[in-house]
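Using the sequences plus the hints, can you model the full thing?
Those letters in the sequence shown? Residues 1 to 268, per my numbering, in order.
Hints in this document: simulated from the structure, not taken from any laboratory. Accuracy of the hints is not assured; some may be wrong.
[To be verified] Estimated spans, in silico, between C-beta atoms of each pair:
| id | residue 1 | residue 2 | range |
| --- | --- | --- | --- |
| 1 | Arg-127 | Asp-34 | 47 to 55 Å |
| 2 | Leu-204 | Gln-101 | 19 to 27 Å |
| 3 | Ile-79 | Asp-13 | 39 to 47 Å |
| 4 | Tyr-27 | Pro-145 | 17 to 25 Å |
| 5 | Asp-29 | Leu-204 | 26 to 34 Å |
| 6 | Arg-14 | His-149 | 38 to 46 Å |
No residue lacks a Cβ here, since even glycine has one placed at the ideal position from N, Cα and C.
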Amino acid sequence: MTNAETRRKDADDREVVVELDEVTTRYGDRLVHDRISLCVYRGEILAIVGGSGSGKSTLLRNMLLLQTPDTGSVRVLDIDTAHQPEARTLPLRRRMGALFQYSALFGALNVVENVALPLAEHSRLSRAVIEQIAGIKMALVGLAPETAHLYPSQLSGGMRKRAGLARALALDPELLFLDEPSSGLDPISANALDELILQLRASLGLTIVMVTHDMDSLWRVADRVIFLGDARILSSGTMPALSGSQAPELREFFQGPRARAARPAEAV
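So this is what it looks like as structure tokens:
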């Protein structure tokens, strides 16, 4: 039996690449997630939204195996991650890339050194080959060669995001996690980043999970959106479906003045 035949699929024959089952997370006495169950399907762009403190970034960290839930299970790329030794989870982490909210670039390293860092840590390639691959990743996200030896402090916000994205792609991940990718960007840079995300999904076959408050981004790139509140998933669906909901908590989020301004004309 082939790997493709043994991959986990749902009732609609969609391949499940991340599965959370009854996940509960607490910070001290504060309940962040209350038995959350969720599937992410191969090739989709899933957006996670909700109010401040609703546990969006924590959910992302659960999927990235950076934080273990108090109870419940997290299954990634058909591997149940519970009680797995580091030797088992490290190769799994290499199949995932992440762009964090503030890009998380190292200020003492230039762009090409930042992008090359995962390759230097997780491969035995020569320095010359690593720098060549880093240059390819930079080109992939639209960074010109002359930016290679600039430092993060010398970059615009949009360029820092692209450098962080190039580093996230360094190990050719199957899954890409984005935490507020357009945060701090002007509308033109945010729009360009949305377009880049769509291009990367199409060209690399990525599955993307993103946390965002950007309504324009949600309309443009998200195939599916989950809305967190009261420590659980209150709703899941497409942007047209969620923005048309009459549930009070969804109306406040998806039909407020800012949300209405971002809504495409064809969706009105």
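Okay, the hints, checked on the actual structure:
no., hint, result
1, Arg-127 to Asp-34: 47 to 55 Å, "holds, 48 Å"
2, Leu-204 to Gln-101: 19 to 27 Å, "holds, 22 Å"
3, Ile-79 to Asp-13: 39 to 47 Å, "violated, 21 Å"
4, Tyr-27 to Pro-145: 17 to 25 Å, "violated, 44 Å"
5, Asp-29 to Leu-204: 26 to 34 Å, "violated, 42 Å"
6, Arg-14 to His-149: 38 to 46 Å, "holds, 44 Å"
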